[in-house]
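Chemist: The lines below spell out each chain.
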Amino acid sequence: MNEIIIEVKNLSYKYPYGKQALKNINFVIREGQKIAFLGANGSGKTTLLFCLVGLLNYEGEIKIFGKDVKQSLKEIRKNIGFVFENPDDQLFNLTVYEDVAFSLKQQGYNEDEIRIKIKEVLEKLKLLGYEERQPYHLSYGEKKKVCLATALVNSPKILILDEPTSNLDPASTREFKEMIKNINTTQIIATHDIRFAKEVCDSVLILRNGEIFSFGDISLLENSEVLLSARLM
Amino acid sequence: MHIPDGFLEPKILISTNIISLAVVFLGLKKLKNIDVNRIPLMGVLASFVFVLQILAFPVIGGTSVHLEGVVLTAILLGPFSSSLIVFCVLLMQALLFQHGGILSLGANFLNIGIVGSFLGYYFWKIKPTKIFASFATFITILISATLCSFELYLSNRLVLSVGLPTMLFSHLVAGIIEAVFVYGVLSFIEKLEPQIFKFEKI
Amino acid sequence: MKHNFIDKYSNLSCTIHKISPKLKFVLFLTITAFISLFRVDTKILVFIFLFLIFVCKLSKIPTKFFLTRILVISPFIFLIAISYLVSKQSFLAILNVSLKSFIVILSILILVQTTRFDVLIETLKKFKFPKFLLLLLSFIYRYFFVLTDEVEKMTFAIKLRQQEKLSAKTLTKLIGMLLIRSYNRAERINKAMLLRGWDGNL
Numbered sequence: 001m002n003e004i005i006i007e008v009k010n011l012s013y014k015y016p017y018g019k020q021a022l023k024n025i026n027f028v029i030r031e032g033q034k035i036a037f038l039g040a041n042g043s044g045k046t047t048l049l050f051c052l053v054g055l056l057n058y059e060g061e062i063k064i065f066g067k068d069v070k071q072s073l074k075e076i077r078k079n080i081g082f083v084f085e086n087p088d089d090q091l092f093n094l095t096v097y098e099d100v101a102f103s104l105k106q107q108g109y110n111e112d113e114i115r116i117k118i119k120e121v122l123e124k125l126k127l128l129g130y131e132e133r134q135p136y137h138l139s140y141g142e143k144k145k146v147c148l149a150t151a152l153v154n155s156p157k158i159l160i161l162d163e164p165t166s167n168l169d170p171a172s173t174r175e176f177k178e179m180i181k182n183i184n185t186t187q188i189i190a191t192h193d194i195r196f197a198k199e200v201c202d203s204v205l206i207l208r209n210g211e212i213f214s215f216g217d218i219s220l221l222e223n224s225e226v227l228l229s230a231r232l233m
Numbered sequence: 001m002h003i004p005d006g007f008l009e010p011k012i013l014i015s016t017n018i019i020s021l022a023v024v025f026l027g028l029k030k031l032k033n034i035d036v037n038r039i040p041l042m043g044v045l046a047s048f049v050f051v052l053q054i055l056a057f058p059v060i061g062g063t064s065v066h067l068e069g070v071v072l073t074a075i076l077l078g079p080f081s082s083s084l085i086v087f088c089v090l091l092m093q094a095l096l097f098q099h100g101g102i103l104s105l106g107a108n109f110l111n112i113g114i115v116g117s118f119l120g121y122y123f124w125k126i127k128p129t130k131i132f133a134s135f136a137t138f139i140t141i142l143i144s145a146t147l148c149s150f151e152l153y154l155s156n157r158l159v160l161s162v163g164l165p166t167m168l169f170s171h172l173v174a175g176i177i178e179a180v181f182v183y184g185v186l187s188f189i190e191k192l193e194p195q196i197f198k199f200e201k202i
Numbered sequence: 001m002k003h004n005f006i007d008k009y010s011n012l013s014c015t016i017h018k019i020s021p022k023l024k025f026v027l028f029l030t031i032t033a034f035i036s037l038f039r040v041d042t043k044i045l046v047f048i049f050l051f052l053i054f055v056c057k058l059s060k061i062p063t064k065f066f067l068t069r070i071l072v073i074s075p076f077i078f079l080i081a082i083s084y085l086v087s088k089q090s091f092l093a094i095l096n097v098s099l100k101s102f103i104v105i106l107s108i109l110i111l112v113q114t115t116r117f118d119v120l121i122e123t124l125k126k127f128k129f130p131k132f133l134l135l136l137l138s139f140i141y142r143y144f145f146v147l148t149d150e151v152e153k154m155t156f157a158i159k160l161r162q163q164e165k166l167s168a169k170t171l172t173k174l175i176g177m178l179l180i181r182s183y184n185r186a187e188r189i190n191k192a193m194l195l196r197g198w199d200g201n202l
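Sequences listed follow chains D, W and X, in order.
Using the numbering used here, the first residue of the first sequence is number 1, and each one after it goes up by one.
Using the numbering used here, the first residue of the second sequence is number 1, and each one after it goes up by one.
Using the numbering used here, the first residue of the third sequence is number 1, and each one after it goes up by one.
Same shape as in the complex, but just chain D (with noise of 0.2 Å):
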């Protein structure tokens, strides 16, 4: 069996606001696994990949690559790639090139090696060319890659997408999903779309009002009085 890349234990969050989104979350994620997150809408899953990259002062304990997230959240960050679902939130730069660069100039690689690791990603999506272009006006297809390159530039060792799909038409999905299948890291998927999750995922964690209701192998998706039951369907 593979190596425990993501551990947690006794995680919840409430909101600010008095709100308990995550209650009792543990789980155990391996090297190499491609996990799907599903839920209905307010179920937590994002609250969840949030509380995973630190963004949230969750309660618990969350340890990737051995490591307290709460303590290491710089080096754990570098090594994570952050597909958020709306690309207007992600692509902050006036450039195409800008926005891939971007967490290269934090992590201070010099021009040239920027520009290597630049070409590379945008040639493996499909991007070249696209560098001078301005992010608003590129498609929503075209956003979305820009944003996987923007999170694939790190050869992160984690890759986690919030909602993939939302808004893609039948195409642009399909081309998607064609190169998550093709990236090898460890991956976390949060999506509605179970068909997706079907194709690309190999095991699903289901969220329901903030508490783990499934946890298992993509096969649970088959039962469809579990997806009844999650409001999955």
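These are computed hints drawn from the structure, not numbers from a lab.
Heads up, some of the hints might be wrong.
Which bits of chain W does chain X cover? Going by a derived footprint, with three or more residues having C-beta under 8 Å, they are [claimed, not checked]:
| no. | segment |
| --- | --- |
| 1 | 7-18 |
| 2 | 88-96 |
Here are the simulated DMTMM-like cross-link-like pairs (lysine to aspartate or glutamate), alpha carbons at most 20 Å apart as the crow flies [stated by the list, open to error]:
| no. | chain 1 | residue 1 | chain 2 | residue 2 |
| --- | --- | --- | --- | --- |
| 3 | W | K191 | X | E187 |
| 4 | X | K191 | W | D35 |
| 5 | X | K131 | D | E98 |
| 6 | X | K131 | D | E111 |
| 7 | X | K126 | D | E98 |
| 8 | X | K24 | X | D118 |
| 9 | X | K125 | D | E132 |
| 10 | D | K181 | D | E199 |
| 11 | X | K169 | W | E190 |
| 12 | D | K105 | D | E131 |
| 13 | D | K177 | D | E163 |
| 14 | D | K124 | D | E142 |
| 15 | X | K173 | W | E190 |
| 16 | D | K74 | X | D199 |
| 17 | D | K198 | D | E225 |
| 18 | X | K22 | D | E132 |
| 19 | X | K191 | D | D162 |
| 20 | D | K177 | D | E199 |
| 21 | X | K153 | D | D88 |
| 22 | X | K125 | D | E111 |
| 23 | D | K19 | W | E193 |
| 24 | X | K126 | D | E132 |
| 25 | D | K19 | D | E59 |
| 26 | X | K24 | X | E122 |
| 27 | X | K18 | D | E132 |
| 28 | X | K191 | D | D88 |
| 29 | X | K18 | X | D118 |
| 30 | W | K32 | X | D199 |
| 31 | D | K143 | X | D149 |
| 32 | D | K105 | X | D118 |
| 33 | D | K198 | D | E163 |
No experiment lies behind these values; they were computed from the predicted model shown.
No residue lacks a Cβ here, since even glycine has one placed at the ideal position from N, Cα and C.
Mind docking chains W and X on chain D? Use the hints.
Modeler: Below, chains W and X alone, put in the same frame as chain D:
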């Protein structure tokens, strides 16, 4: 009122630019080590103010007036933050729309940015109520109009007896509208997103 | 919705577009300073004005576009003209002042409409313009389109439910909503920046 380039004499240009640049540099210094979480907010609010100033607020008879929004940013983020935001908005307006000049940026920033931000902030500090903020807004607009008239008068472009009343009168309506608008927006955000008020005011 | 009206000609490709942005910027500053700080004979102003019109045509900026921009300051010129007439200064003096403004407007316009915005920001950076202000300017530009889209969607939604013209009350709520959305968006952008390793260093 945004004064274009070519309308102010060198002595006015130089003095207003010195004051404005001093405030900008002081603001940059004060904001040097601010909380990281504040920076995107300042950026997006700057864009908000820029968009706001483009929107036309309808008045009776098909005419419309443009809002400033300076007092709002001053209340939410403090006088120096608001000043820097307005400075950048004015610069953008000069660059992209040629609305207001580049060398006259100092004068425009003084009239609109500095007056609005500092008066708006201190009035709120004295009495943080919507009514008082509206009153402050009205006053700052009139003061801006007065300063603008004097700058033009001292540059021999304006006869005060004609210019000042015209400026004040035309800004009276804008002032009332902006005051009412500030009242409305403050009540709206008070109810829906009170956390906005929790930022440190610098 | 595609909005590129704020600098829609900067992506064209022709002679003027290809001139080094640093050079364009220096020329622009020189012209503005020269015009604003010295008394210039009207004949020279006419020459410079016509030269800039020629440059505009050369850079494929539509005539209608730059003429509209020049005329934007006409209320101002009107005000000044009245003052000049009252103080009995000559028509030539009015022409002199007007030409000065037109010249600066045209030179900014040429600079901005023949240079991509990100290149403009890079140029300012090379001239040691404060990085924090450049960040604000970038955000203003970047989120201008996003926010104007949101305004459009909200306006449309309101029009579907009410009358064609927006009442002042509705417009206030719309702007309040835009402010709140801007705040929420800033929070999300902040998260994105932090996750990409940002620590506040510009």
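Chemist: Hint by hint, say whether it matches the structure.
Modeler: Consistency of the hints with the structure:
With 4 residues carrying a beta carbon less than 8 Å from a beta carbon of chain X, the segment 7-18 of chain W meets the three-residue requirement, and the given coverage holds. With 7 residues having a beta carbon nearer than 8 Å to a beta carbon of chain X, the segment 88-96 of chain W meets the requirement of three or more and the stated coverage holds. A C-alpha spacing of about 19 Å is found between W:K191 and X:E187, which places the hinted pair at or below 20 Å, so the restraint holds. Between X:K191 and W:D35, the direct Cα distance comes to roughly 13 Å. Compliance with the 20 Å bound is thereby established for this hinted pair.
Between the alpha carbons of X:K131 and D:E98 the distance comes to roughly 15 Å, so the proposed pair stays at or under 20 Å and holds. A distance of roughly 19 Å separates the Cα atoms of X:K131 and D:E111; the hinted pair therefore holds under the 20 Å criterion. With a C-alpha separation of about 17 Å, the suggested pair X:K126 and D:E98 falls inside the 20 Å cut-off, and the hint holds. Between X:K24 and X:D118 the CA atoms are separated by roughly 15 Å; this keeps the pair inside 20 Å, and the hint holds.
For the proposed pair X:K125 and D:E132, the alpha carbon gap of about 18 Å is at most 20 Å, so the pair holds. Distance check on the hinted pair: D:K181 and D:E199 sit about 9 Å apart at the alpha-carbon level, within 20 Å; holds. As the CA atoms of X:K169 and W:E190 are separated by approximately 16 Å, the hinted pair is consistent with the 20 Å bound. A distance of roughly 16 Å separates the Cα atoms of D:K105 and D:E131; the hinted pair therefore holds under the 20 Å criterion.
For the hint linking D:K177 to D:E163, the alpha-carbon distance of about 12 Å falls within 20 Å, and the restraint holds. Proposed proximity of D:K124 and D:E142 is supported: the alpha carbons are some 14 Å apart, at most 20 Å. Annotation: proposed proximity of X:K173 to W:E190 holds, straight-line Cα distance about 12 Å (limit 20 Å). Of the supplied pair hints, the one linking D:K74 and X:D199 holds, its CA atoms being roughly 9 Å apart against a limit of 20 Å.
With a C-alpha separation of about 16 Å, the suggested pair D:K198 and D:E225 falls inside the 20 Å cut-off, and the hint holds. Using a Cα cut-off of 20 Å, the hinted pair X:K22 and D:E132 holds, with the two alpha carbons roughly 19 Å apart. For the hint linking X:K191 to D:D162, the alpha-carbon distance of about 13 Å falls within 20 Å, and the restraint holds. In summary, the hint linking D:K177 to D:E199 is supported, as the alpha carbons are separated by about 8 Å, within the 20 Å threshold.
This hinted pair checks out: X:K153 and D:D88 have alpha carbons roughly 16 Å apart, not beyond 20 Å. This hinted pair checks out: X:K125 and D:E111 have alpha carbons roughly 16 Å apart, not beyond 20 Å. For the hint linking D:K19 to W:E193, the alpha-carbon distance of about 16 Å falls within 20 Å, and the restraint holds. For the hint linking X:K126 to D:E132, the alpha-carbon distance of about 19 Å falls within 20 Å, and the restraint holds.
With a CA separation close to 14 Å, the supplied pair D:K19 and D:E59 stays within the 20 Å bound. With a C-alpha separation of about 13 Å, the suggested pair X:K24 and X:E122 falls inside the 20 Å cut-off, and the hint holds. Proximity of X:K18 to D:E132 is assessed by CA-CA distance (about 16 Å); at most 20 Å being required, the pair is judged to hold. Taken as a hint, the X:K191 and D:D88 pair is honoured in the structure, with Cα atoms around 13 Å apart against an allowance of 20 Å.
Straight-line distance between C-alpha atoms of X:K18 and X:D118 comes to about 15 Å, which keeps the hinted pair within the 20 Å bound. Taking the CA atoms of W:K32 and X:D199, the gap is near 13 Å; set against the 20 Å cutoff, the hint holds. Straight-line distance between C-alpha atoms of D:K143 and X:D149 comes to about 16 Å, which keeps the hinted pair within the 20 Å bound. Restraint check: the Cα-Cα separation between D:K105 and X:D118 comes to about 17 Å, which is no more than 20 Å; the hinted pair holds.
This hinted pair checks out: D:K198 and D:E163 have alpha carbons roughly 14 Å apart, not beyond 20 Å.
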